[in-house]
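Using the sequences plus the hints, can you model the full thing?
Number of protein chains: 2
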Amino acid sequence: MHDAKSVELAVNTIKTLSIDAVEKAKSGHPGTPMGLANIAFELWAHYLRHDPQDPTWIGRDRFVLSAGHASMLLYSMLHLSGYSLSLDDIKAFRQWGSKTPGHPENFETAGVETTTGPLGQGVGNAVGFALASKMTAARFGMPTEDVRIFCIASDGDLMEGVSGEASSFAGHLALGNLIVIYDDNRITIEGETELAYTEDAGLRYEAYGWHVQRIDGHDHKQIRSAIDAAIAEKTRPSFIVARTHIANGAPTAHDTAESHGSPLGDNEIAATKKAIGWDAERKFFVPEATSELFRERAVELARDKAAWETRFQKWQSANPKLADDFRTFMAKSAPADLYEQLIKALPAKDEATRSHSGALQQVVGELVPSLVGGSADLGPSTKTLLKNSSSITRHEQSGRNLHFGIREHAMGSICNGLSLFGGYIPFASTFLVFSDYMRPAVRLSALMREQCLWIYTHDSILLGEDGPTHQPVEHVWALRLIPNLFVIRPADALESAAAWAIAMARKGGPTAFILSRQKVPSVQRDAQFDPRSVLRGAYIAQEAAGARPDLVIIATGSELQLAIAAKKALELDGRHVRVVSAPCLEQFASEPIEYRNAVLPQGVRRVSIEAGVTGPWRQWVGENGITIGIDRFGASAPDSVLAAKFGFTAEAVIQKIRSAS
Amino acid sequence: MHDAKSVELAVNTIKTLSIDAVEKAKSGHPGTPMGLANIAFELWAHYLRHDPQDPTWIGRDRFVLSAGHASMLLYSMLHLSGYSLSLDDIKAFRQWGSKTPGHPENFETAGVETTTGPLGQGVGNAVGFALASKMTAARFGMPTEDVRIFCIASDGDLMEGVSGEASSFAGHLALGNLIVIYDDNRITIEGETELAYTEDAGLRYEAYGWHVQRIDGHDHKQIRSAIDAAIAEKTRPSFIVARTHIANGAPTAHDTAESHGSPLGDNEIAATKKAIGWDAERKFFVPEATSELFRERAVELARDKAAWETRFQKWQSANPKLADDFRTFMAKSAPADLYEQLIKALPAKDEATRSHSGALQQVVGELVPSLVGGSADLGPSTKTLLKNSSSITRHEQSGRNLHFGIREHAMGSICNGLSLFGGYIPFASTFLVFSDYMRPAVRLSALMREQCLWIYTHDSILLGEDGPTHQPVEHVWALRLIPNLFVIRPADALESAAAWAIAMARKGGPTAFILSRQKVPSVQRDAQFDPRSVLRGAYIAQEAAGARPDLVIIATGSELQLAIAAKKALELDGRHVRVVSAPCLEQFASEPIEYRNAVLPQGVRRVSIEAGVTGPWRQWVGENGITIGIDRFGASAPDSVLAAKFGFTAEAVIQKIRSAS
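The listed protein sequences correspond, in order, to chains A and B. According to our numbering, the first sequence is numbered sequentially starting from -5. According to our numbering, the second sequence is numbered sequentially starting from -5.
These aren't lab readings, by the way, just hints derived from the structure by calculation. Worth double-checking, as some hints may not be accurate.
Put simply, identical chains are the same to the list, so a pair is met inside one copy or across any two.
Taking lysine-lysine pairs in the BS3-like style, the calculated list, with each CA pair at most 27 Å apart, reads [as the list claims (entries may be wrong)]:
1. K338 - K277
2. K315 - K381
3. K381 - K501
4. K85 - K268
Here it is in structure tokens:
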């Protein structure tokens, strides 16, 4: 335990580093780091087990700053703890190319576990970390059995629905290794939380089945005893309501909304430093005693890490097979010939692509132990249950199937946490229309470059009777707009296999599967067709008969069959029609220009067919092309009726092409 | 009070109508209507005040079936209660063009208050209704002072974060006129709620500040006494946990997950009818005694309605000015010359478009009493506070400013409720990147054709230091993909005025405002420019000098200044450049082809400039056009640095056009 004076010195260092950095950047959030400095000090000085020299050590505790706007708090702690984050990095807060962006970005800064800022997401990620740690320990034992997850959440994090969903799920699964500290400072951007937020958050977490404590967030003794009790509680996640004061220690800004999102200003900073007896002129100052305190902590941590390494070595020696499996798991390995293996296992019968994908997923699951996931209560419809695995419950976590409940947004956020933890390639499934419910998490998976699989079924108005509330129209394109997200809409079993192969090979980002509810026929491809061409995102499924094509029809998913029917009819008219299947436009766009031009020759008229909005298809068919799709909301009726009414029959498509070309 | 036998008969009628309709459609959800039949009977036979002859009567109680998949329950009640919904309509359940689509759609069926199905939304809408009723009563008094809101919610509704957000908000505002009945049937699609949902929902609602009761949902006496107590409770919203059994009354399907989403099958239906002593062969049967019961209820309701009319007449006579204001309010009237009035009030200084819009909104607020709304805790940043109005609190609801808290999704859902209630044109503001958090509600506003204003600021990477988590890239186009949503991105004060004019005139759908954080210069337009051309969505801001244009640059928002700078430089090169400003592509697309061709002449090369994804711009610039935008995530740095790094400077744009054309 440290004496009160050295604690105070360290806390003041955290506060002044934060306010100096915000001031220099002329933008940022100074109040929250000040209010949280006491808690952060205790966490990093006494509890958090980590290794600044080895930031990706699987056995470390995870710290999640869900209140990402308080990024300077985290950067201050990383700097003091000896991570590769210098005072110069802190001085470059919020500047181009720095390790200290406005909100914490795990892909920019070692020691940052996840990217936060969009509120509530960090809580979901933390639940994912806690779950991953439990699941890994249940499967492999020692490597992650001691991992704890610490999360700091703000009022905003708790107001967002995603954190409520995730917390209900965490209580359900009794994630006793999760500790969320609620920064109850009662201040938001618009003023006091009294304006909009007066619920009893602690009681709410009791309702979720959490262990709840209430403390003064500036009282070090209370902070320590609450964290001790939370760690001791093994069967419930812990929620610590810490009453804090924003901008604590700033004479005037203290407890004000202004201190939330604006620099304090030179005068207030000077007054703050004066109040603690510091030189008002000295900026970015780290007293030697504070450096020394964290150096001592680093020595303890290195000792703990070395002990872990020793245990890990012993565990490996005692469990050679398991250790081998663990390495495979951690590498997220998939067989190099996965696609070929999947092709051997292709379902023979005509089915919906959701069924094809579901059948292939069983094979992938056997080959790739990293694959885990579940559905937002639509497993029987989305066909994503891994049949040879059990379901995760509060009593047993060695299985691979998760039941997320009707909580799409938390599902996304939790899967991001699973992926970030290490070892997991998570999948999450729901109806395509409900991708909107989890879009912020999908975006973050793309930004963070995580290999998450978002499996969306019931992919067009052709799902039928459920009607326009359930019928996606704009969603496929809305997903295609997200940078670094691959979107794959397979047309049959073979393309479903390609979807899995692409997604499993794609380590630097997420993949969305777009799958039909309705049955689709197997595509008859040309004799010279090479199955590997599907992996290029778009390919010639049927070449024009007899001559060079004078028309190219590009289609995706269930509409490929319409393109093939149209080709047949139009060739009877004397046209020469090539059918291009384009399951993954992002992959195709990244292919060499020669290949792209070979598939879509310049100067040949193009048609696109996809049962969704048409506007963005112009980039693929050009100004003189023909786009066939649907630019309005759907309707409730059987799918065959909808196909007829909205022009998704062979006859309607043929008619449309004939009259337009 | 009705005797037990007639109650049982009516309940069985509700159940059998529902299962017969699902069976005939061969799709739908039979179990939930059966489980809820007792509660629905009590609500419609004793409590709900409404007028089947006048479904839009402002003084009616509102009933929201948040569990929209149980649509047949609602259709059964509407039929029995005498709405224009015949047995033939019920037989056409889930068929093309019927009044009985798969999920309730308020724009298809009289008596359906809102469109539900996407779970959780109905709870948010119900909170909006409750709030609207209180606000209207606070402003006008009598017309809505007795309105109660009844909502039935399922497990799925409660698991979704949006309902949690909305319920926390309802508790905060003490909406005592809201009664949510929770259909606690413990069954979801994947199986028992035990799989994923074991929190204490009642306790959670106590934490939100609600009045909570727990009952047997099949016991009529308990149902009535709980509703009585809920109505008597005036200072808190009420939550009734009704333990029910899904498919109650079906011998085998009872309490099974299968009964949730699949027809029961002929055998089970026959067994169900046999168990209640009904003829198994008779379908869609309404016993005369049940018809008579609801006819009697209709007489009571008519008497109540007449009494209300009398009170309303008296109120009008006693309050002629207020009654006049009420009519204006209900008509959602805005002055025909709103645009001209706004032009007179144009802010003179250069400001960010968020500031321009915020200043103009003050004027609109004065002219349009229907305008109410708020922000998800970003009012000081989004500039949407109505300065001459007070804030809504639990004690005082006559103001027009709402503090939604950091709850974007509920904000959207509640605003939909405000709009559906009647009289309100709601606005809701947050940062553009967080439009993702509320996208399901925005989609529903477009589907329901509600005049909601979604005000999004901080509209590009040029917001600066907050970094990629806060920088929209794909969002403007993602919104443009939603059918029936207008998206307006003004370039300066004048275009901000046009945005307000378009949005206020647009009665059949929502409008999204896309506004800059950073300051923008006033656009210098040609002398012959007509301000009314802005209302056409796109117009010639600066015509090519000297000759017909050989290049057309189309730009939106803050990038219009880059187009103007590029024109100047390129004309020095000898080019003839037209600058088209395109604040609203949806409006422009609906203009006559002659106008569109006049603005964007065929055969002239085009350039688009917008600080967002470029792909969909191809539909406006064609295959040979040039698109200038950003197709990756942004970064944390000051806006001037980002502009330089990502090519949003005049120099970079000029260079790009020069090298490409």
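Non-conforming hints, listed in increasing numerical order: 1
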